[in-house]
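Student: If you're matching them up, the sequences are chains L and W in order.
Residue numbering for the first sequence follows the working numbering, beginning at 1 and increasing consecutively.
Residue numbering for the second sequence follows the working numbering, beginning at 1001 and increasing consecutively.
Just so you know, not all the hints are guaranteed correct.
[To be verified] Covered by chain L, per the in silico footprint, the following chain W stretches (three or more residues, Cβ under 8 Å):
id : segment
1  : 1074-1080
2  : 1089-1101
3  : 1231-1240
4  : 1370-1381
[Unchecked claim] Just a few of them, taken from the derived set where beta-carbon distance is under 7 Å, the chain W residues facing chain L:
id : residue
5  : Ile-1005
6  : Ser-1067
7  : Ala-1071
8  : Ser-1104
9  : Ser-1243
10 : Ala-1262
Calculated from the structure, these hints are not laboratory results.
Built from N, CA and C at the ideal position, the CB exists for glycine as well.
Number of protein chains: 2
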Amino acid sequence: MAGSIKDQVAIIGVGCTKFGDNFDQSFEDLLVEAGFAAFADARIEPERVEAAWLGTFSPYAGNGKASVSLADALRMYGKPITRVENYCATGTDAFRNAAMAVASGMYDVALVAGAEKLKDRPMRGLGWEGGHPYQHDGVTAPGVFALSANRYFHRFGGGRESLAKVSVKNHHNGSMNPKAHFQMEVSEEQVLKSPIVAWPFGLFDCCPTTDGAAAAVICRADMARQFRDDYVLVKGLGLAVTSGRPWYDSANEYVGFAATRAASEQAYRMAGIGNPVAEIDLAEVHDCFTWTEISNYEDLGFCRKGEGTHFIGEGRSALSGDLPVNPSGGLKSFGHPIGASGVRMIYEVVTQLRGQAGARQVRDAELGLVHNLGGPGSVACVIVLGRP
Amino acid sequence: MAGSIKDQVAIIGVGCTKFGDNFDQSFEDLLVEAGFAAFADARIEPERVEAAWLGTFSPYAGNGKASVSLADALRMYGKPITRVENYCATGTDAFRNAAMAVASGMYDVALVAGAEKLKDRPMRGLGWEGGHPYQHDGVTAPGVFALSANRYFHRFGGGRESLAKVSVKNHHNGSMNPKAHFQMEVSEEQVLKSPIVAWPFGLFDCCPTTDGAAAAVICRADMARQFRDDYVLVKGLGLAVTSGRPWYDSANEYVGFAATRAASEQAYRMAGIGNPVAEIDLAEVHDCFTWTEISNYEDLGFCRKGEGTHFIGEGRSALSGDLPVNPSGGLKSFGHPIGASGVRMIYEVVTQLRGQAGARQVRDAELGLVHNLGGPGSVACVIVLGRP
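Take these sequences, add in the hints, and give me the full structure.
Tutor: Spelled out as structure tokens, the structure:
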């Protein structure tokens, strides 16, 4: 029976690069920018960091490496640095491992960084890297998620109009975010008229191919006030892995993600959350495709299965709604450099909980959720963060 | 200042496949064999395992995947599985992360697995994968380590005869190990006459290209006796990363590995070891090349820098010596499926500490050391294990 490290670990600093087509930055340049931004935000001397975790899916792109790139970027030599990779949940799982290490008593202060250069490599966003299991089975990421979206609409109704509302909302939020890849509004008409990538997904239903990095400095909760009063506490952690061949699983109903349900159950149990939609004030969730966000509402327990199209349609996940989702702009608008995304979501939730999100600030934000979904819907990581 | 989790985590079961040219086993087949062997050894129902860590460097070879392959192999669905990658220290770092997670109180029982299919991929053992930093700089693994070996002999004397003694010792030990890739003795003459790969390394100075997997079940130390009386405790953990470009570092004297020195200092501090050569009863160290083992003697503090050739020459690291090194046969004879190696070393040390190593048993083994060295000598992980 899993235990709990609730309230034992604090986030005292966060940093994030501008996300986008960062052709002028190497993998290590991205780590320098995000890492030192997090150190400055934590008001900490880099030497005080005792260990680090790097979340990266494809480190060799952009002439980068794995753990040694973080050492070279931050001149952090002779210390422990672990690379974690867990598909699109890479960044959140790196954070989870770092948090458990601090909670164990091994380290007082640790760094988590996530980084990816996707623009310098053959992967072109809508396919996947050579040798990736999707390609083994002749299926691309949009194709896999589109199969589920079609099945979902067949069973519960709804269609491309609901998807478009997610895109419009996330682009609206991203238009207020100076670090987002895309800072532009889109209309429902634009989304619906965009070229089809894999039915029912058009171009504006898919997250872009993006470079970026983000970082967070964490420490033992009882030390946090040494650094800043508005630190953020780790309330819940969950990670769940299901089959890597979901399309061969006859129990898979193709209308959502068991990994997200299992990971959120773990995180809610640790955080003591009984009614997520009432207790959580904002959520950064994995909108790799617009339909994924609709499924996430349901799998995370914000509404019942099949009601996600109403959740978006009624504006409940808008900035002005009762549970704003992806106030940052989401993967759709902020971009999705794989290993960076989870840490970038933590950056956004911390910024919101501190009340520093400017035009996209969620009112009275006290408890926030971060969610990544990876592989063919097989890996999910959920983190709940809260004010002390 | 780093803390300690000494004596908080126990190893209650270990498993290991035969290492070799396992063309008839997929990546997942290897995980099935090692994982269920570890469950049986721990006398535990697989359902009791709450979380897992998978150490693998190149999971996509052998038609494998990353975390989802472990889920599918062991039918371990809905639970946390993290993939760790840290060059050749991948297996040991996976173990380190699992141990900290158990020590944190998040999980009572966890699995660590390491696996690699190297025979099914273009990498041919003496080179490295496409896109690897060694190839960026036009340097292969034997080439990098050979540069250091030559510099070392230039400064301290010695030569291929000392290297051959390491190969002869490790092949001798491996000849008594039914799971080793090579179970054959070699003579000094054979080693010295083998074709040169990168001077001073001949073919018998280089570890082979191997498939294999190993696994360990760990739990909270205070629960260990529920499973077996002869459990093994985690005494020390250390991980250190240095520059990924050591050949551009003017402070690098090219006669050893700062990462190993830093990682062993961390592990010895946690374990309370002041005099390693007197206190440690056996060591499994990273002999990717014969010279690496000689340098490891020094970097791990078994003797002073420059005295490693005497350490092997005087038979101190032989099975009958005062600190037997690589009783398993080492990477040289057992093989080196990258992510599996560190966990396989843990398997050997646990087997030795339990007194179950048969013909290669080290007498009165109470404290054992595991050491991996990865990247261009840039990443080292050291684990100290002991009887309760």
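Student: Evaluate each hint against the coordinates.
Tutor: We went through each hint and held it up to the structure:
{"no.": "1", "hint": "1074-1080", "in the structure": "holds (count 5)"}
{"no.": "2", "hint": "1089-1101", "in the structure": "holds (count 5)"}
{"no.": "3", "hint": "1231-1240", "in the structure": "holds (count 4)"}
{"no.": "4", "hint": "1370-1381", "in the structure": "holds (count 3)"}
{"no.": "5", "hint": "Ile-1005", "in the structure": "holds, 5 Å"}
{"no.": "6", "hint": "Ser-1067", "in the structure": "holds, 5 Å"}
{"no.": "7", "hint": "Ala-1071", "in the structure": "holds, 4 Å"}
{"no.": "8", "hint": "Ser-1104", "in the structure": "holds, 4 Å"}
{"no.": "9", "hint": "Ser-1243", "in the structure": "holds, 6 Å"}
{"no.": "10", "hint": "Ala-1262", "in the structure": "holds, 4 Å"}
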